[in-house]
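Chains as they are written, first to last, in the numbering used here: chain R, 4 to 252; chain B, 130 to 442.
FYI, nobody ran anything at the bench for these hints, they're computed from the structure. Keep in mind it's a predicted model, so treat the numbers as computed, not measured. Glycine included, C-beta positions come from ideal geometry on N, C-alpha and C. It is possible that some hints are incorrect.
[Unchecked claim] Pair by pair, the computed Cβ-Cβ distance ranges are:
1) R:Gly55 / B:Glu176: 54 to 62 angstroms
2) B:Ala294 / R:Glu70: 49 to 57 angstroms
3) B:Gly191 / R:Gln145: 23 to 31 angstroms
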Amino acid sequence: MKFIAVLRQVPDNEAKLKIEGGQVSLGGVTLILDGMDEWAVEEVIRLKEAHGGEAVVMALGPERFEEALRTALAMGADRAVHLVAEGYVDPISQAQHLAETIREEAPTLVFTGGQQADWDSQALGPALAEALGWPVVTWTTQLELEGETQAKAKHDLDEGAELVRVPLPAVFTSQQGLNEPRYPTLPGIMKAKKKELRKVPLSVQSKVEVLEQTIQERQRLNQVIDGSKDPVAAANQLIRLLHEEAKVI
Amino acid sequence: MILVILDHDGSHLRKGALEAIARARQLSSLGNLAGLVIGENLGAVAEEARNYLPTVYTAEVGSYTPERWAAAAYAAVQKSGAQVVVVASSRQSRTWTARLALKMNAALLEDTLESSTDGSRVLASRYSFLNRVTEKQAAHLPVVLTAKPNTTPPAEPQGQGGIEALTVEQPGAQVEVLERVAEQKKGVSLSEATVVVTGGRGLGSAEAFAGVEALASVLGGAVGATRAVVDAGWRPYGEQVGQTGKTVQPSVYIALGVSGAVQHQAGMNKSKYIVAVNKDAEAPIFKITDYGVVGDVHQVLPALLEAAKKLKD
Numbered sequence: 004m005k006f007i008a009v010l011r012q013v014p015d016n017e018a019k020l021k022i023e024g025g026q027v028s029l030g031g032v033t034l035i036l037d038g039m040d041e042w043a044v045e046e047v048i049r050l051k052e053a054h055g056g057e058a059v060v061m062a063l064g065p066e067r068f069e070e071a072l073r074t075a076l077a078m079g080a081d082r083a084v085h086l087v088a089e090g091y092v093d094p095i096s097q098a099q100h101l102a103e104t105i106r107e108e109a110p111t112l113v114f115t116g117g118q119q120a121d122w123d124s125q126a127l128g129p130a131l132a133e134a135l136g137w138p139v140v141t142w143t144t145q146l147e148l149e150g151e152t153q154a155k156a157k158h159d160l161d162e163g164a165e166l167v168r169v170p171l172p173a174v175f176t177s178q179q180g181l182n183e184p185r186y187p188t189l190p191g192i193m194k195a196k197k198k199e200l201r202k203v204p205l206s207v208q209s210k211v212e213v214l215e216q217t218i219q220e221r222q223r224l225n226q227v228i229d230g231s232k233d234p235v236a237a238a239n240q241l242i243r244l245l246h247e248e249a250k251v252i
Numbered sequence: 130m131i132l133v134i135l136d137h138d139g140s141h142l143r144k145g146a147l148e149a150i151a152r153a154r155q156l157s158s159l160g161n162l163a164g165l166v167i168g169e170n171l172g173a174v175a176e177e178a179r180n181y182l183p184t185v186y187t188a189e190v191g192s193y194t195p196e197r198w199a200a201a202a203y204a205a206v207q208k209s210g211a212q213v214v215v216v217a218s219s220r221q222s223r224t225w226t227a228r229l230a231l232k233m234n235a236a237l238l239e240d241t242l243e244s245s246t247d248g249s250r251v252l253a254s255r256y257s258f259l260n261r262v263t264e265k266q267a268a269h270l271p272v273v274l275t276a277k278p279n280t281t282p283p284a285e286p287q288g289q290g291g292i293e294a295l296t297v298e299q300p301g302a303q304v305e306v307l308e309r310v311a312e313q314k315k316g317v318s319l320s321e322a323t324v325v326v327t328g329g330r331g332l333g334s335a336e337a338f339a340g341v342e343a344l345a346s347v348l349g350g351a352v353g354a355t356r357a358v359v360d361a362g363w364r365p366y367g368e369q370v371g372q373t374g375k376t377v378q379p380s381v382y383i384a385l386g387v388s389g390a391v392q393h394q395a396g397m398n399k400s401k402y403i404v405a406v407n408k409d410a411e412a413p414i415f416k417i418t419d420y421g422v423v424g425d426v427h428q429v430l431p432a433l434l435e436a437a438k439k440l441k442d
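Using the sequences provided together with the hints, build the complete structure.
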């Protein structure tokens with residue numbers, strides 16, 4: 004069986020973002036394998052360990068994405084495919100290009116993150132499924148293969164959750180609770196350097212243009228009430244402020 | 130043609146549907162409007178929808194799967210020749226609209242805050258980078274656009290439209306639902322609430338959420354929870370606010386015993402007013418609050434409830 008994880012490289016959660024020339028500048032920012040994609044990578048490695056076959060990682064993005072692919076290889080993925088495209092490429096266009104490569108690989112299933120921390124998009128998984136003509140299960144918290152042709156999965160909805168049976172191949176997106184990703188070990192990192200990382204240069208026309216990015220931090224009032232001595236008075240004052248000053252209750 | 134796909138609960142249109150109609154009207158220089166309701170037994174919602182739109186399509190396809198919803202939407206797009214599709218943003222809609230955009234070879238503008246047109250393109254703004262960055266996007270038609278809840282005043286009724294039933298081909302490989310674990314939701318939904326009262330680990334126990342529920346109920350709001358609280362099993366996942374939970378933008382967000390990790394902030398940092406009660410004056414949440422109370426949440430919360438009750442009497 005073959006299991007594919009599609010990933011992105013994103014700024015670390017704690018990174019301080021800067022804007023230069025109307026765009027987010029990633030200079031000096033720590034870049035990592037996206038946290039939700041990391042769950043996807045861990046899951047395909049576990050599937051391969053449990054069922055045999057191959058765990059492949061894939062990404063469409065600029066040269067720098069290679070580091071995130073190497074991280075996934077160091078975790079235990081067998082090989083990587085990097086579709087190299089500079090600049091912003093929207094998820095629908097990404098899905099169309101990635102699907103071509105995925106179709107050639109003919110995997111059992113594809114896993115990707117539920118929402119990546121750079122573009123805050125949830126579209127890549129379902130768009131890939133559509134491009135491949137496969138079903139999609141988003142926000143997956145549990146996955147169990149039932150042979151090579153179907154799987155049982157639990158996933159989150161807007162309210163509540165669902166247990167589903169899904170014919171394979173299919174696309175899944177990850178959610179918190181799916182697994183605990185392993186850390187790459189030193190031997191893992193050494194081995195990753197020798198693993199196959201195939202680069203395919205790509206020229207992609209994005210369907211969406213990002214005109215301008217800004218950081219609009221709301222100026223907060225930062226009004227602090229000491230409620231340690233008289234909690235009742237503090238509570239009354241807070242309710243009064245919300246009613247009379249902010250007029251929100 | 131602009132197609133608005135209308136979210137409903139089986140008997141009524143949801144608030145998000147009315148906001149989506151308002152968004153579509155803002156783009157009316159690009160074409161006439163039509164609506165679509167998807168699901169089963171759609172008579173009542175179609176009747177309601179025709180008060181807002183000149184044409185309402187119905188697609189009786191059964192219960193929700195992303196494949197069915199995308200197929201129904203695409204059938205309406207083909208029937209109407211729509212070049213723009215507008216839908217209220219939710220986790221479910223963000224799944225099937227991605228499928229729809231691919232079917233249409235359209236640009237997808239996700240979870241937008243506002244939208245307009247320059248005559249040939251659709252322009253929209255949205256958040257990115259964990260809700261920290263606001264970005265302006267532009268795309269040529271065809272465009273599928275999802276509208277973030279609580280960003281547009283709901284549309285008012287206008288005219289009296291006709292209803293037309295669509296025939297939708299069932300998609301091929303599909304997910305089969307074995308069991309649906311619906312979370313019992315009292316009151317307003319978290320995503321649409323104008324007041325959100327969230328409890329964090331500082332509350333200390335599942336039982337302490339009785340106070341959070343009571344305060345939310347008095348203020349006509351919804352209950353939220355942090356990841357720590359959900360992981361501890363005190364509250365259902367559907368209430369989680371943050372990077373891997375819901376993103377909310379209420380008029381006022383009241384955080385009780387919440388420290389305010391970056392991942393939590395990603396789900397609430399755009400709230401109009403942020404209020405926090407925490408005994409630790411150094412908690413990160415205080416960096417983004419408008420009104421904060423430094424104190425013991427177990428003492429402050431009952432007092433807040435009393436004061437809120439008095440106010441609402």
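Structure-based check of each hint:
1. R:Gly55 / B:Glu176: 54 to 62 angstroms: Distance hint for Gly55 (chain R), Glu176 (chain B) holds at roughly 56 angstroms.
2. B:Ala294 / R:Glu70: 49 to 57 angstroms: 53 angstroms, holds
3. B:Gly191 / R:Gln145: 23 to 31 angstroms: Because 25 angstroms falls inside the window, the suggested range holds.
The structure fails none of the hints (numbered hints given earlier).
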